[in-house]
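Asker: Below, each chain spelled out in residue letters.
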Amino acid sequence: MERPSGNEPEPPLPRPAGAKKAEVDPDVARLLGNLESLLDEEEQRPESVVRSLSTGFRIAIATALAALAVTVVFAFVRRADFAAIPHWQLLVVGTSYAVVAGLLVWRVLLPLHEAETRSEHATALITAAFALPFVWAVVPPHAFGRVLQAEEIRRDCLVLGIGIGGAFIALLRVLDRAADTDPRGVAMVAAAAGLVANFALTLHCPQTGLAHLAIGHAPIGLLLFWIYRRAAGFKAARST
Amino acid sequence: MEDSSPSSRFFELFSWQHPAGPVPDDFFFEYPTARRPTRKKLRATGDVVDLGVPKSERLRGARTMLTDEELMERYQAGDRAAFAEIFGRYAPLLLRVMRQQLGRREDAADLVQQTFLQLHRSKQDFRQGALLRPWLLTIAMNLRHRHFRRLGRHPETSLDLHLMDQLNTGLRVPDAADASCDVHALLRGLPADQRDVIVLHWLEGLSFSEVSLVVGVSLSAVKVRAHRGYVAIRKIFAQEAETVGPKIPFRGARVGTPQRQ
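First to last, the protein sequences are chains A and B. To convert, note that position 4 of the first sequence is 4 in the numbering used here; the numbers rise steadily by one, no gaps. To convert, note that position 151 of the second sequence is 151 in the numbering used here; the numbers rise steadily by one, no gaps.
Everything labelled a hint here was simulated from the structure, so no lab data went into it. Idealized CB from N, CA, C, for every residue including glycine. Among the hints, erroneous ones may be present.
Unchecked claim - Lysine to aspartate or glutamate pairs mimicking EDC-like chemistry, simulated, CA-CA at most 20 Å apart:
1. B:LYS123 x A:ASP40
2. B:LYS123 x A:GLU114
3. B:LYS123 x A:GLU116
4. B:LYS123 x A:GLU36
Said to hold, decoys possible - These stretches of chain A come out as covered by chain B in the derived footprint (C-beta under 8 Å, 3 or more residues):
5. 53-60
6. 110-116
7. 170-181
Full structure from sequences and hints, please.
Answerer: Here it is, written out as structure tokens:
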């Protein structure tokens, strides 16, 4: 007896008596078709490789690149009086930024299969992240007992800070599997980027004047939030 | 004429699993059942692979369907067919859950699609020993929360057209099908945390421990939420019974708090 060639339609399987044919929701079949083409498109994109990495690895990449940005600033545009700053003072400021920024990055890159933390926690974290640079502006390092006289005047702090923060936002967007563009999601990303930028500026700018810190350093997170929100809104409007 | 012999039923009901590899789909279509040759004859002509395991074990193996977690492992290893199988198992459930809570069918379908897209992106995060069902439902619930956040409203205020019609015309619930819609309207009136627990446990049959994984709170907190939700529902029914008299029992409803763990 010859085997079927494979081109002929297969005869249907006999159904057991009383068995009902399972009804397939037309939406389900249509969705699977759409989804498979979406997945094919997804696999063509270069960022899909990064997004499909495990969460721990993605957080490690974000942390390493934030550290790299700070290191680059330290290596190339370091403040002239760096050697005179007490190290513990830098450690306190740096640790405060790093802890809050780390929590925000973790929260942003938290995969969706983990239950979300309470919204109050996220709100508290965002508030802390936006407020922290202002706290260090009002209570600057000289409050620790040593006033450093700025020998150089930096005027590029705001631009440099926004540049570093913008790059960090772009990085987080690439690493984030489901970029959240509602105000809270945007605020978390911008606040984290603002903290990274502020720490880099601490290593860059020797000025300790309240006006300079409050205008040139501290509001970078808020400015990034405003820019990112506008950009996300613009992109959403274009896609609809 | 339909063949309902025990062997044909068996081969239809159970997919053949064997370490030597799957039997081709068309294998049993080769011979009409009435003239199907014996296995001995087939072996003699070389038309059948010698399975090499006792029949009892083959039958046991045939009955074992791949679990969700095994499918996920296969998908992690790059098997796209496993993804389609997972989709087939869970898309109807997710669509049902989403439709219950979102006003528009398109939104529900979109969120289900996004859920599976996220499953694809985070497949490397799936660890051995984890359960797929709560994992997938957690993604769906998080996406739904984000959807409502983006819209700037809470699910309590979402009303579908069917419900709007009912409210506008002031119709009583005429049959069981409409009554199930009434249940969903009733559930929408509950606080979101209680509603999620009741929908997942009561309507979708998840255990309390699975629900606790999905909503990210402790087991006891889930039970408290369920209890409060059922109490609220009972109150509403009691009030309705006082004002308009007893209704036709709705589809799938059970009297009292469900006992399922």
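Asker: All hints are to be evaluated individually against the structure, with a verdict given for each.
Answerer: Each hint, compared with the structure:
Of the pairs offered as hints, the one joining B:LYS123 and A:ASP40 holds, with about 16 Å between alpha carbons and a cut-off of 20 Å not exceeded. Taken as a hint, the B:LYS123 and A:GLU114 pair is honoured in the structure, with Cα atoms around 13 Å apart against an allowance of 20 Å. A hinted pair counts as satisfied when its Cα atoms are at most 20 Å apart, and B:LYS123 with A:GLU116 qualifies at roughly 18 Å. Between the alpha carbons of B:LYS123 and A:GLU36 the distance comes to roughly 16 Å, so the proposed pair stays at or under 20 Å and holds.
Look at the region 53-60 of chain A against chain B: 3 of its residues bring a Cβ nearer than 8 Å to a Cβ of that chain, three or more, so the hint holds. Requiring three or more residues with a Cβ within less than 8 Å of a Cβ of chain B, the coverage given for the region 110-116 of chain A holds, as 6 such residues are present. Counting residues of the region 170-181 of chain A whose beta carbon lies closer than 8 Å to any beta carbon of chain B gives 4, which reaches the threshold of three, so the coverage claim holds.
The structure agrees with every numbered hint stated previously.
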